[in-house]
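S.K.: Residues per chain are reported as follows:
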Amino acid sequence: MEKFTIHTGTALPLRRSNVDTDQIIPAEYLKRVTRSGFEDGLFVAWRKDPEFVLNQPQYKSASILVAGADFGTGSSREHAVWALQNYGFSAVLSSRFADIFRGNSLKGGLLTVILPESEIEKIWEQIEKNPKTKISVDLVAREVRYEEKILPFEIDDYTRWRLMEGLDDIGLTLQHGDKVTDFERKRATFMPVTLTK
Amino acid sequence: MGKTLADKVWEDHVVHRAVGEPDLIYIDLHLIHEVTSPQAFDGLRLAGRKVRRPDLTIATEDHNTPTIDIDKPIADPVSKIQVDTLRKNAKDFGIRIHSLGDVEQGIVHVVGPQLGLTQPGMTVVCGDSHTSTHGAFGGLAFGIGTSEVEHVLATQTLPLTKPKMMAVNVEGVLPAGVTSKDIILALIAKIGTGGGQGFIIEYRGSAIRELSMEARMTICNMSIEAGARAGLIAPDETTFNYLKGRDHAPKGADWDAAVAYWKTLKSDADAKFDVQVDLPADSLAPFVTWGTNPGQGVALNDVVPNPADIKDEAARGSAERALVYMDLKAGTPMKQIKVDTVFLGSCTNGRIEDLRSAAQVLKGSKVSQGVRMLVVPGSARVRLEAEAEGLHEIFLAAGAEWRQAGCSMCLGMNPDQLKPGERSASTSNRNFEGRQGKGGRTHLVSPLVAAATAIRGTLSAPSDL
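Top line first, the protein sequences correspond to chains A and B.
FYI, the numbering for the first sequence is 1 to 197, going by my numbering.
FYI, the numbering for the second sequence is 1 to 465, going by my numbering.
A portion of the hints provided could be inaccurate.
Stated by the list, open to error - In the DSSO-like style, the derived pairs of lysine-lysine whose C-alpha atoms are separated by at most 27 Å in a straight line are:
1. A:Lys48 with B:Lys244
2. B:Lys8 with B:Lys244
3. A:Lys31 with B:Lys162
Stated by the list, open to error - Among chain A residues calculated to face chain B with C-beta under 7 Å, some are:
4. Tyr29
5. Ala45
6. Pro57
7. Tyr59
8. Ile100
9. Gly109
10. Arg145
11. His176
12. Val180
13. Thr181
14. Phe183
15. Arg185
16. Pro192
17. Thr194
It is worth saying that the hints were derived from the structure and are not from the lab.
Predicted model, so just to flag it, every value in this text is computed and none were measured.
Backbone N, C-alpha and C define an ideal beta-carbon position, used for all residues, glycine too.
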């Protein structure tokens, strides 16, 4: 995974709440067996509307998505994270994220940042006024900056460290291999197995 | 201070704990299907890793599989590749798989419990958000993404931060015609699709204890629609009776040891929940959705709400967009809404009891002219059980289609889809835009309402017949 420290770019205002992962990428795109190439499915139903914000030229090079509350509800599909990344987004700002989507994003290096709803509204107003506004998402300092604004955000130390180092979660867990083996020795014998012994 | 049931199961599975790190949690059962696993197996291959515990892993084909002509190759070439990929991965990594045509094939969340693999006190994961279903047995079960699927395959553990605890209390007696589907739809309408974010929900109270295992699974299944990654119900005699004698349930002395442990699995009297929500059973009624998220629901006797009455700006905007998408006008009685399709099935309501209750309503009646009704059993076993009871004859005589098992029209990854503009009454779990097919419009309902709606052609309860 690529290291994430500070990302600076322009942003796109998605003024919708409750954006579910079926909207981020519909099921028909989930039949693929790869991790890349999902950008064509991103918000595909909404993109048919020429007025939809992704179709507006002033936001074409945006790399930060600023979304309404409860972003990423519904299906656990990690394809939603891949689609956003494949399209060119490095970070998503919202006042609330669905739990599974947030977990997936932080596993995959898409930084999801929680800011107060009032601040999301101010960012929308700013980028609608000036789509060229540069926004910095600084994981090191745990803050979002634009113009004169500095907005602190919270993220747990462990996730921050893992993202900043670009570490492989599985590799980290395998360091505790002995503990897993010890745990397995103590499991109750009545627990089910799927294969016959 | 006492512990909640979820606390107890969590503590029993901590492999490693350190300050400033998530807990490393052991996973007792990993369910796999074709959609969210291919990239995980690719990851294992790239890193030269093996599956740590193939004997705690089981795969089934469900999302892409057709529900007709299952003896022929899958027609959609992309779906076929995905299913073939799962078969190859299962073979390469030594994982048990139930493929299309196998008697144990079916929706992953129907198959696990039916085999007796889902048991109280276990941790269960699957790359599918409806894994919360398995919490009905009194364990911790949650949906995971593909990176986490790979993590569990490689390590049989997951690093997790313990969620907060929410108690949902449903005390009293449910009125006639009110099902567990109505309880969960009413709950989601009350707390919202984000109400359970960051929580594990424990469903409690006398109305919950009276429910069958199938009905409990329906409630826990839709915990995710309230934003909660997991939902659970304390195991009791209903749970033990359901499990006894199933293929993978403990036998002999193991059974006694298991039951002794299972009986300890309940929240202590002085357990502290971070949030309590009361949903009095006698206040509930058949419930349906009008919008494009599962929280946009009302009682079937009610009318389509007016967005102007919604105070919250974001919720109002969302309701306005939903009414446009659903082609509905505020103030329209829900019972006047005409449907084209009725879908009975899914991991929410595709179990034998769901088919029985719908068949009872349909018996001797006909599906309304111009309405298509699809009955899709949750698993091949459910289908066989239903046929042994003659339920299929009731559905067929009514003019419904009797299909093979799978996820089917819940998400339309196979050919079972709504056409643009078509409207369904669906026993599934999501009414998102385009969920059941591009431009399709979905009303979430219970199996009883689905059956009555099929007969009348408009959203209806059996009491309207």
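S.K.: Compare the structure with each hint and give your call.
M.R.: For each hint, the structure was consulted:
no.	hint	in the structure
1	A:Lys48 with B:Lys244	violated, 53 Å
2	B:Lys8 with B:Lys244	holds, 23 Å
3	A:Lys31 with B:Lys162	violated, 32 Å
4	Tyr29	violated, 10 Å
5	Ala45	holds, 5 Å
6	Pro57	violated, 24 Å
7	Tyr59	violated, 20 Å
8	Ile100	holds, 6 Å
9	Gly109	violated, 10 Å
10	Arg145	violated, 25 Å
11	His176	holds, 5 Å
12	Val180	holds, 6 Å
13	Thr181	violated, 10 Å
14	Phe183	holds, 5 Å
15	Arg185	violated, 12 Å
16	Pro192	holds, 4 Å
17	Thr194	holds, 4 Å
The structure does not agree with the numbered hints 1, 3, 4, 6, 7, 9, 10, 13, 15 stated previously, though it agrees with the rest.
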